[in-house]
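Given the coordinates of chain A, work out where chains B and C should sit on it, guided by the hints.
Below are the chains, spelled out letter by letter.
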Amino acid sequence: MSISNAPTTATPAGTASARQVVWQRRRAAFAGFCKEFSHHKAGMVGLIFLAVVIVAAALAPFIAPSRMLDVTQLLDSPRFAPPSWEHPLGTDHQGRELWVRMLWGAQVSLIVGFAATIMSMVIGTIMGIAAGHFTGWTGGLVMRIIDFFLVLPSLILAIVLSSVLSRGVLTIVIAIGLTSWAGTARVVRSQTLSVESRDYVERSRVLGAGHWHIIVKHLLPAVMPLVLANTTLTVGSAIISESTLSFLGLGDTTLQSWGTILKNAMDVSAATSGYWWYVLVPGIAIVLVVLAFTLVGRAVEQIVNPTLRSR
Amino acid sequence: MTNAVPPAGAVIVEEAAETPTRNTSALKYFGTKLGGAAISMVMVILLGFFAFKILPGDPVKAMAKDKPMSAEQMEALRESLGLNKPLWGQFVDYLGNVFTLNFGTSYVYKQSVSDLIGQYFWNTVLLTGTAAILAIALGLWLGQKAAWKNGSFFDKANSGIALVFWSVPTFWLALILLMVFGGTLHWFPTAGMHSPNPPDGFLANAADVASHMVLPVITMVAVVYAQYLMVMRASLMEEMSADYLTTARAKGLREDLVRSKHAVPNALLPTVTLVFMHIGGLIAGAVTVEKVFSWPGLGKLTFEAISGPDLPLLQGTFVVFSAIIIVMNLLADFIYRQLDPRVKRA
Amino acid sequence: MPDLKFENVSITYRTSGRNDRGEVPAVKGISLDLPAGGTLGVAGESGSGKSTLAMSALRLLPKSAKLSGRVMMGDTDVAELSFGKLRAVRWAEASIVFQGAMHSLNPVRTVGWQILEALELHITDKWKTEKARKERVKELLATVDLPAKKADSFPHELSGGQKQRAMIAMALACEPDIIIADEPTTALDVIVQKQILDMINQLVTERGISLLMISHDLSVLATACERIAVMRNGELVEVGPSYQICTDPKEPYTQQLAAAFPVIGDPASRMKPVTRREQTPRDPNAQTFAKSDEVLLQARGLNVTYHTGGHSLRAVNNVSLDLHRGEIMALVGQSGSGKSTLARTLLGLQAADGGSAVTFAGKALPTKGKALKDFRKEVQLVLQDPSAALNPKLSVYESVAEGLRVQRYQGDERARVKAALEEAELIPAEKYFGAIPQELSGGQRQRVVIAGALAVQPQMLIADEPVASLDASVRGEILSLLLDLRKNLGLTALVITHDLGLAWNIADTVAVMYQGEIVEQGPTEEVLLNPQHAYTKRLLAAAPSIEEARA
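The listed protein sequences correspond, in order, to chains A, B and C.
Counting in the UniProt record's numbering, the first sequence runs without a single skipped number right up to 311 at its last residue.
Counting in the UniProt record's numbering, the second sequence runs without a single skipped number right up to 346 at its last residue.
Counting in the UniProt record's numbering, the third sequence runs without a single skipped number right up to 551 at its last residue.
It is worth saying that the hints were derived from the structure and are not from the lab.
Note that this is a predicted model, so its numbers are computed, not measured.
C-beta atoms are modelled at their ideal positions from N, C-alpha and C, and glycine is treated no differently.
Hints may be right or wrong, so weigh each one.
What the hints assert, rightly or not - Simulated DEER-style distance windows between Cβ atoms:
no., chain 1, residue 1, chain 2, residue 2, range
1, B, 164, C, 408, 49 to 59 angstroms
2, A, 220, C, 371, 24 to 34 angstroms
3, A, 20, B, 32, 48 to 58 angstroms
4, B, 257, C, 129, 18 to 28 angstroms
5, C, 147, B, 261, 44 to 54 angstroms
6, C, 64, B, 42, 51 to 61 angstroms
7, C, 267, B, 261, 33 to 43 angstroms
8, C, 307, A, 220, 31 to 41 angstroms
9, C, 24, A, 220, 28 to 38 angstroms
10, C, 313, B, 38, 28 to 38 angstroms
Claimed, not checked - In silico DSS-like cross-links for lysine-lysine, where the CA-CA straight-line distance does not exceed 30 angstroms:
no., chain 1, residue 1, chain 2, residue 2
11, B, 261, C, 138
12, A, 41, C, 66
13, A, 35, B, 149
14, C, 487, C, 272
Looking at chain A on its own, in the form it has when it is part of the complex:
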């Protein structure tokens, strides 16, 4: 494979053209990634399913106006009606349509999932790079902190945080985000260490580069694909965490979320009283959405790093 038969064309123009070539290649790489992803059956199924759910959640106010959730206007509607043509997914203990609650719940569950994940990714990437890049006691200390959070039962800590802070969506996001970054930091750290040991980082240092240059120019681009794959995987577990916290009564009771619906179901003993739809519908929704995120995440992971099949 020598340059003579590589498809790069000679461009006598200026630096701009070298940049253009780079941009072209990036665009081509992205197109290649999309093409490869589109061949990944499980990943595509997950992606399409997620797209449908996200669109539905965004359109919730138009499909099902919020008055459909107003208990005071629902005095006539039947309680605990099983699924039928009239009530596609059944109704709850206050006569609300389950499908309406699910639709509005999707908004909260997804927003919490994404927001907590972004927080967790930012912390995880920063800590991971810091632990891998800096030597001496800075790196050691960061490493110690990562190890600590890695080991700590994140749900228990999230429970503690959300019991102490005032209730609300933001609290849940912070509780999940603050406790779920260690796994990402671990992956980022090991990738940082492996990049750090490459000769091109040494070469960069010999050229006079400082920490900032090495981190921005060499480390970040190398860990980003992994962080991206990790993001989709983490959204899934953040959604599970959200539902668990809501189920434990730590969520915002004034908002609909899938976890809150399950908590209501538990409170009225739906499981033992035969109101099966009340338990099944939100649970299956969670499983499907989380599964979809996992499938997409694994597909991305396989494409960006074929040797790193799964965690």
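Here is chains B and C on its own, set in the frame of chain A:
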């Protein structure tokens, strides 16, 4: 420019091999690991303090949230909790309490938190311990089989099932089992740890407890084994292209022996660390599973502490749960050392 | 004793996934013959298919490989054996000494366990009982000069040479008729390499074992084999007696391979690495540079000590060195001799112990801040493996411009990058601007690394094994480029190498390093042709040379 010629037969022969100094380094290894665990424990204790004392949000207000409470009552509560003292004074109190295992009195139970935890501790260990052992055994066994037959129907089916279970919230699976076995089939008891009238005799009693354990254990195993399967599968797949496997095949070893005697022992190394790291997930599962099946353990205590809210109890369970996990990870480090002759430094 | 015969063997790999290129041929219609008790070497560069061919002898190819033609072991076609029979043939009739014993031994099993395993799989009357097998392990270790207690060692507790010995002991365990040695001495130092080769030679002759040896290094094969086959791109280029292949090759490709390993003392190769590269036309009036008397880099009493967990290890011991402007110095030594540490210290990447004095152009080496950053413009580094030294995500332009950007170069960046690429003979430079490292050949990549160093217009280059990971045919090109850089730009260079031939090819002076000390230094001819120190003598004696094939 010639310096002194080294004596004839000087040790030019070989580059020096790493000298095995196993005994001294073993002590050092355990020392570092113990030290690390101790630091983690100190951090848990600090976190246990600061999370409850410093974070915004007044614990007394939080406690008073759902109950009508006058300003005087709240003030009295503050007084009784020692919240009027300066921060460092509270901290000293807290440290003293932690070291004497005194987490104060539970608001809900009106009992010493340490006594409560002492009562419920072993129930949780029994439940999560059983679940952990079963999940590890099942996950590792299926994982290594799936990796070796990578791409086969067995692999696809097992990875698929594992992925689905991985996506299931633990508490929901518990609810489903409760619904199926509590609402329709009545094969296993669905609540508590003992029958209302426990049978006499040790064996009969044990069988009674075991039957109560079936559903919660199934729930926890189902959710956790999937993670172990994926971990084992991934680390064995990493090993599968290793050169020493070619050596083993060239020696004339059967494929199944190449796997069991060469590949698996190496793949177990990264697995051990990850398996123990996931114990935290198992413990988290215990909170909701114990709640759903009314299992009298620390998880149920935690749940009640949340609904109280009963902050001393929550603080106590948090510290104890974290301690359990730190000890488990210390164990993992020791097991790792037994498995890997190469462990050089901490 | 069976012969090993390859009859018109072709092997293709079925590729899939991301880089699906369909069926990729690795070996194309090779016929080779290893008579019982004979020795045959297969030479070739990476990707020539030599290892694939060797693995086919025991059907050890991955499932994606498809073989046509016949591999005959005696009268049996290896492809037709049942798995049970094949397993019986493996190791008992033919065993393998793998490349890089580091990864070929199971890291969590002791050496003794692994040898014992082979014996247990192929039990004969000689080692029927457990006790007899244990005895045999001891005996085997003794054969390869390892003490019996090494049986209880894990691979990581052995040095590279010891691991290779253990591997040979394992290969001999079941008294095979054929031994296949796949790069058995790669990654070993010259002296250890010599010992291992001698041992293989001796064992093979004593026991009448047939030997199939694979290497990229013709001189290694020449010392061990009667005949050599040269492969390129899966095809057979030339087969013949070793001496003829090395000294009088028919094919141009073989000539190039043979010339890559110069004979020390041969005036034809002194300051003239063999290369097919054309000389770039230069202005006849341009100034030419050579070694001057001005001292550029000076070290006096340089010590470097590593401190790790209570232990301290002196890696560089009392080194004094003078490097003149325009001089090319070769720093020669085995791995672990401290030569890379010395280089890193001279670059200011590693702190020297107190009391050491290093000056560059008369000024002490800066240790931090702006002064260090400015010093970076003066001395640059070229690393061993160009594919690792270039960020795969950056284009050639960005890699070369990196130093300029880090140094906040005020002039025309583009012009400087172009000039640097042209100095490194990547012409026309524009054609390479947008390329990424993966699109370049190994030699081109090393040129990009050199261009990246030249971009900041340094006065001196430190090159750490600059050709060790390149194929033999590219080696000469890079070496002659270094010579030209000195001639045209007056660049000073310190070249670190384990290869005495390289020093003979390009260096004005040689410094020999052993256990952290420089034991001998002086003009190349003096040091290499009339060595004073015992260690230098040993190094020279150990270098495999084609001359030996004559014996």
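Right, here's what the structure says about each hint:
1. B:164 / C:408: 49 to 59 angstroms: holds (55 angstroms)
2. A:220 / C:371: 24 to 34 angstroms: holds (29 angstroms)
3. A:20 / B:32: 48 to 58 angstroms: At roughly 53 angstroms between Cβ atoms, residue 32 (chain B) and residue 20 (chain A) fall inside 48 to 58 angstroms, so the hint holds.
4. B:257 / C:129: 18 to 28 angstroms: At roughly 21 angstroms between Cβ atoms, residue 129 (chain C) and residue 257 (chain B) fall inside 18 to 28 angstroms, so the hint holds.
5. C:147 / B:261: 44 to 54 angstroms: violated (26 angstroms)
6. C:64 / B:42: 51 to 61 angstroms: holds (54 angstroms)
7. C:267 / B:261: 33 to 43 angstroms: violated (57 angstroms)
8. C:307 / A:220: 31 to 41 angstroms: holds (32 angstroms)
9. C:24 / A:220: 28 to 38 angstroms: holds (35 angstroms)
10. C:313 / B:38: 28 to 38 angstroms: This hint holds: roughly 30 angstroms between Cβ atoms.
11. B:261 / C:138: holds (23 angstroms)
12. A:41 / C:66: holds (29 angstroms)
13. A:35 / B:149: holds (28 angstroms)
14. C:487 / C:272: holds (13 angstroms)
Of the numbered hints listed earlier, those contradicted by the structure are 5, 7.
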